[in-house]
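Take the sequences, apply the hints, and build the full model.
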Amino acid sequence: VRLMGGTGQTVSADGGSSACAKRYDGTAIYGSTTSPGAFDWVPQRTVAVNWTFAGLTDGTVLVDTSAAHRSGTLPLASAVQKGTRFTGVKTSASNSMIFVRSGSDSIQGVAGNLTFGNGTFASRTIESDGTSSWWIVSSV
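Under our numbering, the letters of the sequence shown match residues 1 to 140, in that order.
Accuracy of the hints is not assured; some may be wrong.
What the hints assert, rightly or not - Computed spacing ranges between beta-carbons, pair by pair:
{"hint": "1", "residue 1": "S102", "residue 2": "V137", "range": "14 to 24 angstroms"}
{"hint": "2", "residue 1": "V140", "residue 2": "N113", "range": "26 to 36 angstroms"}
{"hint": "3", "residue 1": "A93", "residue 2": "G130", "range": "29 to 39 angstroms"}
{"hint": "4", "residue 1": "N113", "residue 2": "T46", "range": "15 to 25 angstroms"}
What the hints contain is simulated information worked out from the structure, not anything from laboratory work.
Note that the coordinates shown come from a computational prediction; the quantities given were computed from them, not determined experimentally.
Glycine is no exception: its CB is placed at the ideal position from the N, C-alpha and C atoms.
Below, the structure is given as structure tokens:
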């Protein structure tokens, strides 16, 4: 089945059933028109500088830490839908990658940032509770 449509349009493989409807926002196709946190396809980008995770346009960020430690700032957990996930993947064994919390949010129940540097391709996936916390759901 091939879904076709323009930016902002809802497309369907079954004549409009909400169970199969998809929405395209120019960067990703979402699982339903009302649940943009459920990705069928996760957007990805590569950075070699500090960055900010950008709502629905970031899913996985490949981070080049070869020249320096790199920091990714998270949005407030309350500013994204419950279940929103972000993944950071180091592409160099050098230096560390840091997830920086916003406001008074916690990461894994701690009021601090998450730092890791376990070699090339070390990664962490974190998930928002939709209120004030981020939780590690995968660690490689």
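Okay, the hints, checked on the actual structure:
As the Cβ distance of S102 to V137 is approximately 19 angstroms, the hint placing it in 14 to 24 angstroms holds. With their beta carbons about 19 angstroms apart, V140 and N113 fall outside the hinted range of 26 to 36 angstroms. Here the CB-CB span from A93 to G130 is close to 35 angstroms, well matched to the stated 29 to 39 angstroms. Here the CB-CB span from N113 to T46 is close to 22 angstroms, well matched to the stated 15 to 25 angstroms.
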